[in-house]
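Q: For reference, the chains in residue letters:
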Amino acid sequence: MYELEATADMILMSPQAIPAKAPKAEETPIEVSLVRAALEGDRDGFGRLYDLYTPLVHGILLSRVPRDEVDDLVQDIFLHAFKKLDTLRDWAAFGPWIAMIARNRAMDFHRRSRETVEITEDIRSTDQSTSRASEILDLVCELPDAYRETLVLRLVEGMTGPEIAARTGLTPASVRVNLHRGMKLLKVKLGFVEGL
Amino acid sequence: MNEEYLWDKSGEPDPEIQRLEEILGTLRYQPKTFDVPPEILMRPRRSYVPLFAIAASLLLALLAGGIWLRTRTSQVPVDHSARETPAVVPTPSVPLFKPDVDAPPVVAKAEEKPIRVKQQRPRSRSVPAMSAQDRQEALAAKAQLMLALRLASEKLSEVQRKTTPVPSSPIKNQHKVG
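Top to bottom, those sequences are chains A and B. At position 1 of the first sequence the residue is numbered 1 (the working numbering), and the sequence of numbers has no breaks. Just so we're on the same page, the working numbering is the position in the second sequence counted from 1, plus 1000.
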């Protein structure tokens, strides 16, 4: 049932279903000026975009790929975004754009890792330094896509619901639903595991 | 579960959520600087404006040319009167041959019949009237052109004759054998 709800949420989250936000004429998002600056060759402009959006990309990757792969992938994704920035049509949509790149890169990672020997599980189990956090993260990662991504952004990266909605391009209602249902599921799982 | 705290960290903090935040917060992204390799240059955004301008100017030039040609051809008048009124060539007053005296008299009606000559329609009125000297030069040029064409035609037929294989005629063979 939860899978069905998650699927429905994912459909709701898809860009076609998101009502276009009517941008006010006097309100220009900071992303627009930063993307413009970066396209004009200002590397600091892209540096600021990096600072703004690294938690988002990190959270998305953390909910999808092994933790020790995340940092390298974050750098790869931003390098890719830097090279392809001229293909971005709507500068205000930098967040949804880079979030999509991160999701695609995570899928690529799993596609490639199927062809190679999977040793990440062993490595993860022997890493004791953050074992408790890793255990809970593993439980979060067992949740449906829509829930785990939103929960990681909220609980790991410390973003609020409105921030998640603004950065990912999702509607606030979708984020709210995902947070609520995801937390409910996580509590059930945690209750089974350790009675937190 | 305090939903408002989960949503935007407002209201009374939820202890369970706070505990989860503490534990999972250790995995939070540690800020690093983004180092772009110096060899990677930002590609300037592709601008299609010059291409559009060139395409638009070419299109305009084509349109203007088409309109000009159309107006030029429509300005040439068609002389309908030339088709309707045939030129009448009068019969010569002096006979070309000496009539036989013993012969019966020629019927006068036959001589009176006018000969109709098909007159060529003038192509354009813009051709100026030529002087006698110009006309002679034009005739000479025409004669030269005709000669050149004739020569070219001869050469072509000769080449064709050389290149086309002569079919072996069975009749010729029979004649040789015979």
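Hints are computed from structural coordinates only; laboratory data are not their basis. Wrong hints could be hidden among the right ones.
Stated by the list, open to error - Within a straight-line C-alpha distance of at most 30 Å, the following computed DSS-like cross-link-like pairs (lysine-lysine) qualify:
no., chain 1, residue 1, chain 2, residue 2
1, B, Lys1009, B, Lys1032
2, A, Lys189, B, Lys1009
3, B, Lys1142, B, Lys1155
4, A, Lys83, B, Lys1032
5, B, Lys1142, A, Lys187
6, A, Lys84, B, Lys1032
7, A, Lys184, B, Lys1009
Said to hold, decoys possible - Which chain A residues stay away from chain B? Per the calculated CB distances, all over 12 Å, these:
no., residue
8, Ala92
9, Val152
10, Leu190
Just so it is clear, CB atoms sit at the ideal spot from N, CA and C, and this is done for glycine as well.
Q: So, for every hint listed, does it hold in this structure?
A: To see whether the hints hold, each was checked on the structure:
no.	hint	result
1	B:Lys1009 with B:Lys1032	holds (26 Å)
2	A:Lys189 with B:Lys1009	holds (23 Å)
3	B:Lys1142 with B:Lys1155	holds (20 Å)
4	A:Lys83 with B:Lys1032	holds (19 Å)
5	B:Lys1142 with A:Lys187	violated (106 Å)
6	A:Lys84 with B:Lys1032	holds (21 Å)
7	A:Lys184 with B:Lys1009	holds (17 Å)
8	Ala92	holds (16 Å)
9	Val152	violated (8 Å)
10	Leu190	violated (8 Å)
Consistency with the previously given hints fails for numbers 5, 9 and 10, ordered from lowest to highest.
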